[in-house]
Amino acid sequence: MLKQIISLLPDLGKAFWETFQMVGISLTLALLLGIPLGLLLFVTDKGLFWENKVFNAVGGVVVNIVRSVPYVILLVILLPLTQKIVKTTIGPLAASVSLSVAAIVFYARIAESSLREVDKGVIEAATAMGASIYQIITQVLLVEALPGLIRGFTVTAISLIGYSAMAGIVGGGGVGDLAIRYGYYRYQMDVMAATVAALIVLVQIVQSAGDYAAKKADKA
Amino acid sequence: MIKFDDVSITFKTKHAPVYAVRNVSFSVEKGEIFAVVGASGAGKSTLLRTVNLLEKPSSGKVNVDGVDITALDEHSLRKARQKIGMIFQHYNLIHTKTVYDNIAFPMKISGRGADEIAKRVPELLEIVGLTDKSRAFPRQLSGGQKQRVGIARAIANGPSLLLCDEPTSALDLESTRAILELIHNINKKFGITVLLISHEMDVIKSICNRVAVMSNGKTVELNDVYSIFSNPQHEITKQLVRNSLNMEIPDGVLGNIEGKLVKVVYRGPSALNPVLSNAVHKYPVDINILHGRIEYINGLPIGVLLVNLKGNAEGVEKFIAYLRENTASTEVVNA
Chain A
56 MLKQIISLLP
66 DLGKAFWETF
76 QMVGISLTLA
86 LLLGIPLGLL
96 LFVTDKGLFW
106 ENKVFNAVGG
116 VVVNIVRSVP
126 YVILLVILLP
136 LTQKIVKTTI
146 GPLAASVSLS
156 VAAIVFYARI
166 AESSLREVDK
176 GVIEAATAMG
186 ASIYQIITQV
196 LLVEALPGLI
206 RGFTVTAISL
216 IGYSAMAGIV
226 GGGGVGDLAI
236 RYGYYRYQMD
246 VMAATVAALI
256 VLVQIVQSAG
266 DYAAKKADKA
Chain B
28 MIKFDDVSIT
38 FKTKHAPVYA
48 VRNVSFSVEK
58 GEIFAVVGAS
68 GAGKSTLLRT
78 VNLLEKPSSG
88 KVNVDGVDIT
98 ALDEHSLRKA
108 RQKIGMIFQH
118 YNLIHTKTVY
128 DNIAFPMKIS
138 GRGADEIAKR
148 VPELLEIVGL
158 TDKSRAFPRQ
168 LSGGQKQRVG
178 IARAIANGPS
188 LLLCDEPTSA
198 LDLESTRAIL
208 ELIHNINKKF
218 GITVLLISHE
228 MDVIKSICNR
238 VAVMSNGKTV
248 ELNDVYSIFS
258 NPQHEITKQL
268 VRNSLNMEIP
278 DGVLGNIEGK
288 LVKVVYRGPS
298 ALNPVLSNAV
308 HKYPVDINIL
318 HGRIEYINGL
328 PIGVLLVNLK
338 GNAEGVEKFI
348 AYLRENTAST
358 EVVNA
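Residue numbers (this note's numbering), protein chains in the order written: chain A, 56 to 275; chain B, 28 to 362.
Looking at chain A on its own, in the form it has when it is part of the complex (with noise of 0.2 Å):
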């Protein structure tokens, strides 16, 4: 059994490096777009500085059609164009695509109801200070909002995770599909236990640095 799990030592390896790149590119998408638009979704509604009915609503529609799609129908609808973008449907880059939209529409909603948290408040003392909505959002709000945030991140983070296992049917590789190939389709289950032990690990050490982050970003 130590045999073999040395032999697919490279194996892993491999997969843990696809597992990490998808994972990375669909978080970084999700911070870049997903914080604004979760922002947007939020200043957006009613009794705050942008109030716009028909954006808020639209907005908020068609977030909840991404989310509300299992992701493997996500993947699969989202293939044309993934073709345009990165040129091929298989492989880590390709599987990135579709897991980016995800995570940007479930960050989104998390960014958007850790700024709902933030003390109301607060905004208006900012506002009688005289702070521009530019101020606002970047000294208050998001300062505010920073430990939900990073706990909505860790979640965002480790849901990739799992989702990434799935990209394994479009070639997208892993170490989920790495399970899936070896331990399930070839019924060799030492190996899809050590895979899982590793996805296991994985996951806490994800948690943990997550809580970490949050715990010190948090003095309220």
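No lab work stands behind these hints, which were simulated from the structure alone.
For each label pair, taking beta carbons as the anchor points, the in silico distance ranges come out as: (1) A112(A) / E59(B): 42 to 52 Å; (2) H102(B) / V256(A): 47 to 57 Å; (3) P44(B) / V127(A): 49 to 59 Å; (4) R122(A) / E59(B): 49 to 59 Å; (5) K57(B) / D273(A): 36 to 46 Å; (6) V141(A) / D159(B): 54 to 64 Å; (7) E143(B) / A112(A): 37 to 47 Å; (8) G176(A) / V45(B): 15 to 25 Å; (9) E101(B) / G176(A): 17 to 27 Å.
Cross-link-like lysine-lysine pairs, in silico, DSS-like; alpha carbons within 25 Å at most: (10) K39(B) / K108(A); (11) K110(B) / K175(A); (12) K175(A) / K106(B); (13) K290(B) / K337(B); (14) K124(B) / K271(A).
Chain B stretches covered by chain A per the calculated footprint, using a threshold of three residues with CB under 8 Å from any CB of chain A: (15) 100-108; (16) 119-132; (17) 135-144.
The structure presented is a predicted model; accordingly, all values stated were derived computationally and were not measured.
Even for Gly, the Cβ is constructed at its ideal location relative to N, Cα and C.
With chain A's structure known, arrange chain B on it following the hints.
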């Protein structure tokens, strides 16, 4: 300093419009501490928030330092707001910033340099007595300390006006007194005009110069604080003052009283004359003081005494007549 000119604020709701503020006009002079009192829902908080346009009047104008604040564009409004400090009932501090950074925040907003901020924040901490809490976060502070940070933050940019929205309503008695004293000191030391709202008459009694009483969105009475307490005119004012100068006597005691019970109110300089003592020398009546209270408002006394009179009917009548002549008011409580 502030001039409310026929200000009305109407909120639209699903059912009927709510008239929160109705045709309010009055002025607050430079350097004074002006209070707006009234029960909750009277519209005082809404009125206060028009001064920095957190609430936009539906009609009417609000002049602050000679500028019609309702007519400013976005940029000028922000500049004007930087010169109007505000403190809140629930402090509204930024939880994720230290005391130091909370106080530095309005100065950063108004574009002051790092050097100036580094020099000014310790001064402000000194003024509010929190020098040792500079690195603390808001959750590590007591309510009174949080409000001190709020005050330091509000005066950081050297405002000419300080708005106080129920500043002590979430505080215990001890902290309330300390915060009011701090506001008073800041008013005297820096000449900052203070507009304060509260539902507690005790708050007003201790530091304010003039008072406007609000009820149902209207100002029903406006006077200097001593007159409000010593000679309230409107029913709402009388009620507020009565709650503050509480003179209740238990029913059990009232029922056992023999003879007349009179409530004597002293006011102004005559409050210091020994009227009761003179009356006792003049008429053969025994007196027993059941309840008494003297308040000093702006250094002037208001006294209320509940006195039980015993003696022959004629003597008691004369005694009461003498009191009526020599005190602000004397009324027989048990007819």
